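Engineer: Listed here are the chains, written in short residue letters.
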Amino acid sequence: MVKVIKTERRVLKFMPSFFKDRKPKKKPQMDDENQSTDYPIELIQVSLSDNLNIIKQKTGNSSDVVIREIKMGINFDIKAAIVYVEGIVDNQAIQEFLLQSIMKDDHKEVINPHNALELLSEDMMTIGNISSITNFGDMFASLMAGDTLILVDGVNRALSASTKGGEKRSIVESTTQMVVRGPKGAFTESLGTNTAMVRRIIKTPDLWRESLKVGRVTKTDVTFMYIHGIANDKVVKEIRQRLQRIDIDSILESGYIEQLIEDQTFTPFPTMYNTERPDVVAGNLLEGRIAIFVDGTPFVLIAPAVFMQFFQSAEDYYARFDIATSIRLLRILMFMISLIAPATYVAVTTFHQEMVPTTLIVAIAAQRESVPFPAFVEALLMELTFEILREAGIRLPKAIGSAVSIVGALVIGQAAVQASIVSPAMVIIVSITAIASFATPSFDMAISARLIRFLFMIGAATFGFYGIILCLLMMVVHLCGLRSFGIPYMAPFAPFIPVNNGDTIVRLPWWTLRQRPRLITANTVREGTNQYPHPPASRGMVNRDLEEGDNNEA
Amino acid sequence: MMSMTFLLTSCWSKKELTDLAIVAAMGVDKTKDGRYHLTLQIINPGNVAGGMVGGGGTQSPPVTIYSASGDNLVEASRRASGRISRRLYYAHTNLVVVGEKMAREEGLNTLIDAFDRDPEFRNTSTLVIANHSTAADLVKTLTPVDKIPANKVLKTLEFTERKWGENVKTSLQEVMKSLESPGRGTVVSGFRLVGNPQQAQKLDNLQESEPEATLRASGIAVLKQGKLVDWLYGKPARGTVWILDKIQGTDINIDWEGRKEVIAYQTVRQKTSVSAQVKNGKPHISVHTRVEGDISEMEVPVDITNPKVITKIEQSVRKEIKKELRKAIERAQKNKTDILGFGEVVHRTRPNQFKKLKTEWNDVYFPKLDVDITVEAYVRRAGLRNKSFLSGVKENQK
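From first to last, the protein sequence lines are chains U and X.
Counting from 296, one number per residue, gives the positions in the first sequence under the working numbering.
Counting from 64, one number per residue, gives the positions in the second sequence under the working numbering.
The set of hints was computed from the structure by calculation and includes no laboratory data.
If a hint is listed, it holds; no wrong ones were tucked in.
Taking lysine to aspartate or glutamate and the EDC-like style, the derived pairs with C-alpha atoms no more than 16 Å apart in a straight line are: (1) X:Lys385 to X:Asp433; (2) X:Lys226 to X:Glu355; (3) X:Lys78 to X:Glu183; (4) U:Lys508 to U:Asp542; (5) U:Lys399 to U:Asp418; (6) X:Lys78 to U:Glu664; (7) X:Lys77 to U:Glu649; (8) X:Lys390 to X:Asp293; (9) X:Lys78 to U:Glu649.
Computed from the model, here is a short list of chain X residues facing chain U with C-beta under 8 Å: (10) Ser76; (11) Gly109; (12) His155.
Derived Cβ-Cβ restraints for the label pairs, each shown as a range: (13) U:Ile723 to X:Lys397: 52 to 62 Å; (14) U:Pro652 to X:Ser144: 22 to 32 Å; (15) X:Pro182 to U:Asn818: 58 to 68 Å; (16) U:Ser700 to X:Ser272: 46 to 56 Å; (17) X:Gln416 to U:Val801: 57 to 67 Å; (18) U:Pro652 to X:Gly312: 23 to 33 Å; (19) X:Ser272 to U:Pro652: 23 to 33 Å; (20) X:His195 to U:Ser715: 39 to 49 Å; (21) U:Pro652 to X:Asn343: 50 to 60 Å; (22) U:Leu705 to X:Asn135: 53 to 63 Å; (23) X:Leu447 to U:Pro667: 57 to 67 Å; (24) X:Asp308 to U:Val794: 49 to 59 Å; (25) U:Pro652 to X:Asn135: 29 to 39 Å.
Everything numeric in this text was worked out from a predicted model, so none of it was measured.
From the three backbone atoms N, C-alpha and C, an ideal C-beta is built for every residue, glycine too.
Take these sequences, add in the hints, and give me the full structure.
Structural biologist: Written out as structure tokens, the structure reads:
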């Protein structure tokens, strides 16, 4: 695959003139293909009925586009219309702040077609955000985003009132990243709610937010947040550029964005972190990272990401450091198990029988005696079975899911062993591997480990331990070569930054973590000096109590 | 193309577990026509590891014996493949047994090369000389409790060395080292088949609560220039182990008020050091040992609350140990074999002078060696009782 792509690139390099000639021709063609998503830059007409006709025609008379015609003025001679899309607007707001104030207004005497819009926006409409629109392009954009349009006959402008609303999922507990201690609320599908949740945590005006619409058809709101002064401006600029470069019809989830802006596609490792927890986003923003919110998904992207980040859980920072450190060490161990446990088993049983104690090798040999397959095939079979079961278990409705797990337990556990298709030792290895891979906090990292595991198994089956070491070396070299928005993926190990190592595989007490990650942030000072907690009084024996005791006795 | 070469290597050193014949022990004998006779104890994995896989397959023995002869060990081993359905795998061979006849007549020197050269074979495997039997008979014996006979031999040696001290566990490596060392005799652990060799091979033997034929650690083989010259049993054996500083715990009986061996003294820790001096070209050795232990049994009424009694007991222990060490040294001198490593000590302290002594060390200097023995013995604890039970009985009867 890689070779093919390389050769294509080479071809492109060698024949630039040929492609340059064709490029300009191609572009307009592509736009034509793209149906009628690009609105003509057409100005709003003077006549209300014309405008309404255009709206109707453009929306294909869709039944959820509500056009309400009203009359204003002392003689009811000023025709106006209110246009909104049902379901995505806040009905109550339209009712109370638009219709009521327009219809029961006290300006009937002074209103005329010329000052109608000014009066409406300045005096009559009691709604927060109002803008004036002159062309159809902007008009449709705001209409489809949930705003309400007010058009007045004889005026070639329209008012857009922000009435975004409609049904929203309420904030519930996180389902993908659960903690014992820490805030429970998770992001929802609504972008406004999500950014608000972060703002509620970080109350500084330096928390800056930039928005843009991505997706030619979906016009999805994409927002990125960073703390000015802590985030690195170069990275912010890079993210802005990469987001602006996206030209795709739809953005349905933050995964689209991730795949379109990540540094390297051909790697099993994720180079952007995603979370649905506001406290995790806040923590990362405070380390100088940038969060990308996408409307319609609770998963927020965080960039730049480093390798160690995927082994850290929000709880590490809430728990005391000794516990957090030991749990992190455990996670690293589990990652290694999920990566090389089956490979090690294969290598040991086919190449390095001398490395196991005699009694154990005899026990394994006894189990393998009746198994017809080579160890590698056996391991592959079991791993595949497990992957199938896992996949089936995830997608199925809960009611059937339990049935699958029962069948799975029987197939993997009991029956396969009794039928002499696999050995009990292999079942243990596969189960340990499975549990270990579930214990990695980040699903993205766990699943990439699951993928590489097969590579390791092939390495082990062909070269034994030598093959495993070879694969490990390749993996480490690859990891060191990765970048996430210009930041080395293996930082702070490679390049080695001693100060930042306090928050990697170990988590030192908070008072020692005086610096933010140096490569990521523009401002490394996190806390003041001398944060070591000092108890106020000496811990020596207090004599006064003793004396008092003597007095009482007397 | 580059990646293709990786795939083309295939799996040349791959060996599936089900294709391996795990050799647990190996016996080497000499046939009448001077060829090597190899006896291989191969584990039947299904019969060793119980559990549900075997399904109660205890009807067949846990090990199978194959044997082959050849002009050298490698030839014999290769020839054996004609009888075994699997590839012989020596990496788990923890026991090498050499027949007494072979050890006496040819010695071990010729065997070592094959063991050391083979990359699969472990240098840490234990070397044992079959006492009064052929290696084949020893290897063929089935044992209870520890299903793999090789394991039984190893564990017996390990625990008896630790608890009783009349045997040593010698690895191939240690034997190689002492064979190479100038002017040094070698000790090798001995093992013996007690009972009928024919009965020992049968599974019926294990059906009895007291098997007729069993394996037993027995004696220490004394090797001079690789050849077996003497067997040490009992006190000289323990004295030898003691001087070699390998005693971990043993039991010493002392006499008390005319009654023989009535107080048992159990050693807890001991340290023996050997030092050498050379006076007027004559080497002089002093052995110092310091031992701490408990009183573990008293068959006479003794009041050990009295410190003077304790001192007296300590003195008797010293005398007893000294006697034992003396016996061991005398026996070694009689054999004209320096199994105690005195030569090495002289070599270390006076390297230049030892060069002159080296060639005739075993035959001339060692037998006439002056050895000083000093023993320090202490009683540290007396178990859960103070006075002897007997002294209580005696008082009540008054």
